Amino acid sequence: DTGVSQDPRHKITKRGQNVTFRCDPISEHNRLYWYRQTLGQGPEFLTYFQNEAQLEKSRLLSDRFSAERPKGSFSTLEIQRTEQGDSAMYLCASDRDGETQYFGPGTRLLVL
Amino acid sequence: DQQVKQNSPSLSVQEGRISILNCDYTNSMFDYFLWYKKYPAEGPTFLISISSIKDKNEDGRFTVFLNKSAKHLSLHIVPSQPGDSAVYFCAASVDYNQGGKLIFGQGTELSVKP
Numbered sequence: 001d002t003g004v005s006q007d008p009r010h011k012i013t014k015r016g017q018n019v020t021f022r023c024d025p026i027s028e029h030n031r032l033y034w035y036r037q038t039l040g041q042g043p044e045f046l047t048y049f050q051n052e053a054q055l056e057k058s059r060l061l062s063d064r065f066s067a068e069r070p071k072g073s074f075s076t077l078e079i080q081r082t083e084q085g086d087s088a089m090y091l092c093a094s095d096r097d098g099e100t101q102y103f104g105p106g107t108r109l110l111v112l
Numbered sequence: 001d002q003q004v005k006q007n008s009p010s011l012s013v014q015e016g017r018i019s020i021l022n023c024d025y026t027n028s029m030f031d032y033f034l035w036y037k038k039y040p041a042e043g044p045t046f047l048i049s050i051s052s053i054k055d056k057n058e059d060g061r062f063t064v065f066l067n068k069s070a071k072h073l074s075l076h077i078v079p080s081q082p083g084d085s086a087v088y089f090c091a092a093s094v095d096y097n098q099g100g101k102l103i104f105g106q107g108t109e110l111s112v113k114p
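First to last, the sequence lines map onto chains A and B.
The numbering of the first sequence is our numbering, which starts it at 1 and goes up by one.
The numbering of the second sequence is our numbering, which starts it at 1 and goes up by one.
Calculated from the structure, these hints are not laboratory results.
These numbers come from a predicted model, not from an experiment.
Don't take every hint at face value.
Said to hold, decoys possible - List of simulated lysine-lysine pairs, BS3-like, C-alpha gap at most 30 Å:
| hint | chain 1 | residue 1 | chain 2 | residue 2 |
| --- | --- | --- | --- | --- |
| 1 | B | K5 | B | K37 |
| 2 | A | K57 | B | K5 |
| 3 | A | K71 | A | K57 |
| 4 | A | K11 | B | K37 |
| 5 | A | K11 | A | K71 |
| 6 | B | K56 | B | K71 |
| 7 | A | K57 | A | K11 |
| 8 | B | K5 | B | K68 |
| 9 | B | K54 | B | K37 |
| 10 | A | K57 | B | K68 |
| 11 | B | K68 | B | K37 |
| 12 | A | K57 | B | K71 |
| 13 | A | K57 | B | K37 |
| 14 | B | K56 | B | K5 |
| 15 | B | K56 | B | K113 |
Whole structure, please, built from the sequences with the hints as guidance.
In structure tokens:
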């Protein structure tokens, strides 16, 4: 069990550029979650997958955001036309039905 | 609408003493509660959880208490150690087994002084 991994750990981009983040969950975890955390706040739910199906999306997830989990294993989160307000820590978590969610180290995004 | 609130942004305690972190919630449908610890530049680390059918759960130095009538939970750390210094988040979920989206509080920064 190597834990949840995320790549990259840090990303600096210019406003208007597209960025993509990857999350590799703990193997055999069928559920995968994306959260966003800004300074001084707790993580906020963005979306979650059960296997390859995206079952819920927060209203925080504007149409510039898209997430996929094509084979029910790793997931990607893409932000198109980034804005300065997108600067945050993007966290991925995974679990197996009814068990504890474990988080990855996060990807810190800075939009200039 | 902040469904989970941690009203103390920071707490300072002496090494060896008890740390008590508090959390209030508004949604009576929450059926599962968790505490996570977070160090800077790392993801949250799971500490302890409690189901709404219980009022107490212990794991070593960590105990979580749930008061459903008051919609309040607390995390007790005894004895506190300098390595416990971190930001602590409480989180809650509705129908956790069916898809455990977590709602987090704002966090409390604990500082344990030697």
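Cross-check of the supplied hints:
{"no.": "1", "hint": "B:K5 with B:K37", "result": "holds (16 Å)"}
{"no.": "2", "hint": "A:K57 with B:K5", "result": "holds (22 Å)"}
{"no.": "3", "hint": "A:K71 with A:K57", "result": "holds (19 Å)"}
{"no.": "4", "hint": "A:K11 with B:K37", "result": "holds (24 Å)"}
{"no.": "5", "hint": "A:K11 with A:K71", "result": "holds (25 Å)"}
{"no.": "6", "hint": "B:K56 with B:K71", "result": "holds (14 Å)"}
{"no.": "7", "hint": "A:K57 with A:K11", "result": "holds (24 Å)"}
{"no.": "8", "hint": "B:K5 with B:K68", "result": "holds (15 Å)"}
{"no.": "9", "hint": "B:K54 with B:K37", "result": "holds (22 Å)"}
{"no.": "10", "hint": "A:K57 with B:K68", "result": "holds (28 Å)"}
{"no.": "11", "hint": "B:K68 with B:K37", "result": "holds (23 Å)"}
{"no.": "12", "hint": "A:K57 with B:K71", "result": "holds (27 Å)"}
{"no.": "13", "hint": "A:K57 with B:K37", "result": "holds (25 Å)"}
{"no.": "14", "hint": "B:K56 with B:K5", "result": "holds (20 Å)"}
{"no.": "15", "hint": "B:K56 with B:K113", "result": "holds (27 Å)"}
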